[in-house]
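Chemist: Listed here are the chains, written in short residue letters.
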Amino acid sequence: MPARFEYAQAEEIRDSFSRHQVRYLFIGKAGAILLGYPDTTQDADLFVEKGEANGRALVLGLAELGFDLTPDQEAEIVRGKDFVQLKNGPFDLDLVFAPDGIERFEDAWRRRVEVEGFPVCHIDDIIASKAATGRVKDRESLPRLRAFRDYWVERHG
Amino acid sequence: MLGLPKGNEVAPSDSTTTADRPVSQRELRDWVAEFEAAARRPLRTRVRYAFIRTYKPVLDDAAYRSFDTTAEYRRWCEDSLPTWLGYAREV
Numbered sequence: 001m002p003a004r005f006e007y008a009q010a011e012e013i014r015d016s017f018s019r020h021q022v023r024y025l026f027i028g029k030a031g032a033i034l035l036g037y038p039d040t041t042q043d044a045d046l047f048v049e050k051g052e053a054n055g056r057a058l059v060l061g062l063a064e065l066g067f068d069l070t071p072d073q074e075a076e077i078v079r080g081k082d083f084v085q086l087k088n089g090p091f092d093l094d095l096v097f098a099p100d101g102i103e104r105f106e107d108a109w110r111r112r113v114e115v116e117g118f119p120v121c122h123i124d125d126i127i128a129s130k131a132a133t134g135r136v137k138d139r140e141s142l143p144r145l146r147a148f149r150d151y152w153v154e155r156h157g
Numbered sequence: 001m002l003g004l005p006k007g008n009e010v011a012p013s014d015s016t017t018t019a020d021r022p023v024s025q026r027e028l029r030d031w032v033a034e035f036e037a038a039a040r041r042p043l044r045t046r047v048r049y050a051f052i053r054t055y056k057p058v059l060d061d062a063a064y065r066s067f068d069t070t071a072e073y074r075r076w077c078e079d080s081l082p083t084w085l086g087y088a089r090e091v
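Going down the list, the sequences are from chains A and B. In terms of the working numbering, the first sequence is residues 1 to 157. In terms of the working numbering, the second sequence is residues 1 to 91.
If you are wondering where the hints come from, they were derived from the structure by calculation, not from laboratory data. Note that CB positions come from ideal geometry on N, CA and C, so glycine has one too. A couple of the hints might just be wrong.
Claimed, not checked - The calculated label-pair distances, taken between Cβ atoms and stated as ranges, are:
no. : chain 1 : residue 1 : chain 2 : residue 2 : range
1   : B       : Ala37     : A       : Glu140    : 16 to 24 Å
2   : A       : Glu114    : B       : Glu27     : 28 to 36 Å
3   : A       : Asp107    : B       : Arg26     : 31 to 39 Å
4   : A       : Asp72     : B       : Ala39     : 39 to 47 Å
5   : B       : Asp61     : A       : Ser18     : 31 to 39 Å
6   : A       : Gln21     : B       : Arg26     : 42 to 50 Å
7   : A       : Glu116    : B       : Asp79     : 35 to 43 Å
8   : B       : Val32     : A       : Ala75     : 41 to 49 Å
9   : A       : Trp109    : B       : Thr69     : 17 to 25 Å
10  : B       : Glu72     : A       : His156    : 33 to 41 Å
Isolated chain A, as found in the complex (with noise of 0.2 Å):
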């Protein structure tokens, strides 16, 4: 079983992706807690553009980050499956090429937040994924995560 995510493995997608050029936003409860939110979860969510030239850069710094991908499974990424759970590196990761909620990549792009160099989705879009899922342990989170959007909001605009 892989380690627990650390913030060294946040930092390390952070400058992997950035030297490649990878488009991708922390989306999730893994993005809300890199805006404050306190809680806990098990891996991290990355929502990437969908495009072959960002799948390319994508599996560069994947492999850079230690993630052991077979040519099959880099040409699937490059292709742009709707979403990827890759436990075969350093700490567990799931691609989101087609987040449920969220209608195209460069809307989320053009509301990010920036949160010490993390491009972080906006908590708007962060809840309209969780809610549009449905599912039984988004649907408990969101009361609480609708509380935190207000406080957060009230803070930074």
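Given the coordinates of chain A, work out where chain B should sit on it, guided by the hints.
Modeler: Below, chain B without anything else, positioned relative to chain A:
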């Protein structure tokens, strides 16, 4: 002053109803206290407290999975994962 989550209406008693579930004023105050405590911690510390690791049956049993569509992934979660993990849309 922090208000109730958007879309909530204040009920006559010490509670309110959201689309998700009722939230009491006391619960809301406790949450805000948690948000303020978190805001005082550096990001590095918040991340250390936030990311945990436990074994999740089925989900953790493959090194790689991919799905053509998000809907396909949701269906797989509902069909394959234990209900108690919370990935299904209905219990």
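Chemist: Now look at each hint and say whether the structure bears it out.
Modeler: Now for the hints, and whether the structure bears them out:
For the pair alanine 37(B) and glutamate 140(A), the beta carbons lie near 22 Å from each other, so the given range of 16 to 24 Å is met. Roughly 31 Å separates the CB atoms of glutamate 114(A) and glutamate 27(B), a value that falls within the hinted 28 to 36 Å. Separated by about 37 Å at the C-beta atoms, aspartate 107(A) and arginine 26(B) satisfy the suggested range of 31 to 39 Å. Restraint check, aspartate 72(A) to alanine 39(B): a C-beta distance of roughly 44 Å satisfies the suggested window 39 to 47 Å.
Checked against the hint of 31 to 39 Å, the C-beta distance between aspartate 61(B) and serine 18(A) comes to roughly 33 Å, which is consistent with it. A hinted range of 42 to 50 Å for the beta carbons of glutamine 21(A) and arginine 26(B) is consistent with their spacing of about 48 Å. At about 39 Å, the CB distance of glutamate 116(A) to aspartate 79(B) agrees with the hint of 35 to 43 Å. Here the CB-CB span from valine 32(B) to alanine 75(A) is close to 48 Å, well matched to the stated 41 to 49 Å.
Taken as a hint, the range 17 to 25 Å holds for the pair tryptophan 109(A) and threonine 69(B), whose Cβ atoms sit roughly 22 Å apart. Look at glutamate 72(B) against histidine 156(A): about 36 Å separates their beta carbons, and that is inside 33 to 41 Å.
The structure meets every hint from the earlier list without exception.
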